[in-house]
Each structure stands twice: as structure tokens, then as C-alpha cells.
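Participant: Sequence:
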Amino acid sequence: DTPEQESDMAASAKAENLSLVVHGPGDLRLENYPIPEPGPNGDRVAIEPGVPREIDEFCKIGRYNLTPSIFFCATPPDDGNLCRFYKHNADFCYKLPDNVTFEEGALIEPLSVGIYACRRGSVSLGKKVLVCGADLSSSRLAKAKEVGADFTLHIAKESPLEVASKVESMLGSKPDVTVECTGAESSIRTGIYATHSGGTLVIVGMGSDMVNLPLMHAAVREVDIKGVFRYCNTWPMAISMLASKTLNVKPLVTHRFPLEKALEAFETSKKGLGLKVMIKCDPNDQNP
Numbered sequence: 001d002t003p004e005q006e007s008d009m010a011a012s013a014k015a016e017n018l019s020l021v022v023h024g025p026g027d028l029r030l031e032n033y034p035i036p037e038p039g040p041n042g043d044r045v046a047i048e049p050g051v052p053r054e055i056d057e058f059c060k061i062g063r064y065n066l067t068p069s070i071f072f073c074a075t076p077p078d079d080g081n082l083c084r085f086y087k088h089n090a091d092f093c094y095k096l097p098d099n100v101t102f103e104e105g106a107l108i109e110p111l112s113v114g115i116y117a118c119r120r121g122s123v124s125l126g127k128k129v130l131v132c133g134a135d136l137s138s139s140r141l142a143k144a145k146e147v148g149a150d151f152t153l154h155i156a157k158e159s160p161l162e163v164a165s166k167v168e169s170m171l172g173s174k175p176d177v178t179v180e181c182t183g184a185e186s187s188i189r190t191g192i193y194a195t196h197s198g199g200t201l202v203i204v205g206m207g208s209d210m211v212n213l214p215l216m217h218a219a220v221r222e223v224d225i226k227g228v229f230r231y232c233n234t235w236p237m238a239i240s241m242l243a244s245k246t247l248n249v250k251p252l253v254t255h256r257f258p259l260e261k262a263l264e265a266f267e268t269s270k271k272g273l274g275l276k277v278m279i280k281c282d283p284n285d286q287n288p
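full-length UniProt numbering applies: residue 1 is where the sequence shown begins, and numbers increase by one.
Careful, some of the hints might be misleading.
[As the list claims (entries may be wrong)] Here are the simulated lysine-lysine pairs, PhoX-like style, with alpha carbons at most 25 angstroms apart:
no. : residue 1 : residue 2
1   : 127       : 87
2   : 250       : 261
3   : 143       : 60
4   : 261       : 87
[Unchecked claim] Pairwise CB distance ranges (calculated):
no. : residue 1 : residue 2 : range
5   : 209       : 69        : 44 to 52 angstroms
6   : 55        : 25        : 30 to 38 angstroms
7   : 63        : 156       : 17 to 25 angstroms
8   : 209       : 283       : 41 to 49 angstroms
9   : 137       : 159       : 29 to 37 angstroms
These aren't lab readings, by the way, just hints derived from the structure by calculation.
A virtual CB, placed ideally from N, CA and C, is assigned to each residue, including glycine.
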């Protein structure tokens, strides 16, 4: 859509509950829907998008993210929540402290992926951790360094074994835990080669169903390979980290758009500009 068309769409959608609706691949439209009617009173909250529909064996052991019938926002056939007003299960709404902004609250979801991955990998103080990230971007590596990474490594055409060797040289030893966030076969191979014997490779990235891996290389060195599917039981810790200022997520947000310019926001992200593109659904909350 052209800027003029987007403006027309926003102008024609002035009802109370403006929503961005997916009609097909690349077909996003601003439309109006009825405002949900929640109960009395209210708080500022961050919502966890996955809500179990039934109390099954996974819920009973605290791993509700694995329940097959889970409702998950924006995962077909379940609708998303890119709209002014949204009704959600109260058990999965978490009150935000006064010193945590809505923008920080919106970043609890991606932060939870990291928290859960660290739990799966038993990351603790003193352990060396390798994070394999997607994309070949110097600016993103610089941002990683800015927010806490000790070392960064830009990959060109090196083989997985060569990358693993470089990582060991930079860290002084192999990492105890590798968090693989790409799902790419070559990166998973790197994770197996790079991880210290007796360590853990945590696979966060989603790639092909079938990949060719040096599995015996992991087996004979007792490198545990663990999968990660979304997250569970992470919101309280994430909120605590933000409220205590233990973690600063604000530098990750590079672009901000009001809901009326949501299509422009998606185009910005599609072009690979910036890092986190934030869409502000509340017209009264347009500041960082």
C-alpha cells in the first residue's frame, strides 16, 4: 500500500477498537472491531500469549507450553492482539510495577525466550555462554556488545569447525552452554563442535525438519542437546528484572510507530532496518 492508501485506511477506521487484521500473505488491513468488555477496575498488565485450554498432563507438571491444545496469540487459527483493546485470560495477565513502562512490558515476551533458554541450559554465574544469532549484521553485533556481550564474532565463510575454533580462542575455552537461535544447519553444527564436553546445546531457532548433524560428536563428549518451545513460568522473573533495573531492554527499540502506521512498521522491519520495531497501540502512550 502507498502512504496515501495507508492514510485512507487509518482515516476510515476511527472506531474505538482499531485493529490490524491479516487477510492473507502480505495483506494487512486496519479495521474496527467491537470493544471487549472486561470486568470492573483494572491494572497495567503484560500478557503471556499462551493460555492452556485444558488442564492436561503438561499443565500438571508446570510445562503448559507443551500442551497440544494451547491457545497462542497470532498462531493460526488463533487471532493476534495488534489492536487497541484485547480481552485475555486473567490468569495470564501480569501486573506491571509503576516503574516499568508499557514499552518495556511489550519486550517481556522476547525476554522470556531468553530466560527460558537459559533455564533449559542451566546457565548460572561463572558459566561461559555462546549465543548463535541470525543474520550477518555488524550493527546488531555492536548492539549485542552494547547490552552486555563480552565478545562478538562476525561469520563470513568459515566452516562450523573453524567457527568453533575461533570461539574457543576468544573465550579461552569452549563455552559451557551454547544457545542456538537460528535453526540453520551450519549453526547447529557449530554449536555441537563449540560446546564444552559435558555442556549443553540449547536449540531455540526453528529450522528445517531434517538436518544433517555430527550427532556422535556430541554423544561421545556427552554434550546434551535440549530443545526450547516458546517459554513457561517466565513472566514474574522478567518483570522483576525490569523493575529492579537489572536489565535494560530500552536500547533494543530502534523504531516506533502508532497503530495507524502499522503497515509502515512492518515494511520497516521487512527491509531489515533497525532492531526492534515497536507498534504503539495506545494513542496516549507514544513516548519511549
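Participant: With reference to the structure, classify each hint as holding or not holding.
Facilitator: Hints and how they fare:
no.: 1; hint: 127 to 87; result: violated, 41 angstroms
no.: 2; hint: 250 to 261; result: holds, 21 angstroms
no.: 3; hint: 143 to 60; result: violated, 40 angstroms
no.: 4; hint: 261 to 87; result: holds, 23 angstroms
no.: 5; hint: 209 to 69: 44 to 52 angstroms; result: violated, 22 angstroms
no.: 6; hint: 55 to 25: 30 to 38 angstroms; result: holds, 36 angstroms
no.: 7; hint: 63 to 156: 17 to 25 angstroms; result: violated, 39 angstroms
no.: 8; hint: 209 to 283: 41 to 49 angstroms; result: holds, 43 angstroms
no.: 9; hint: 137 to 159: 29 to 37 angstroms; result: violated, 21 angstroms
Checked against the numbered hints given earlier, this structure breaks hints 1, 3, 5, 7 and 9; the rest are met.
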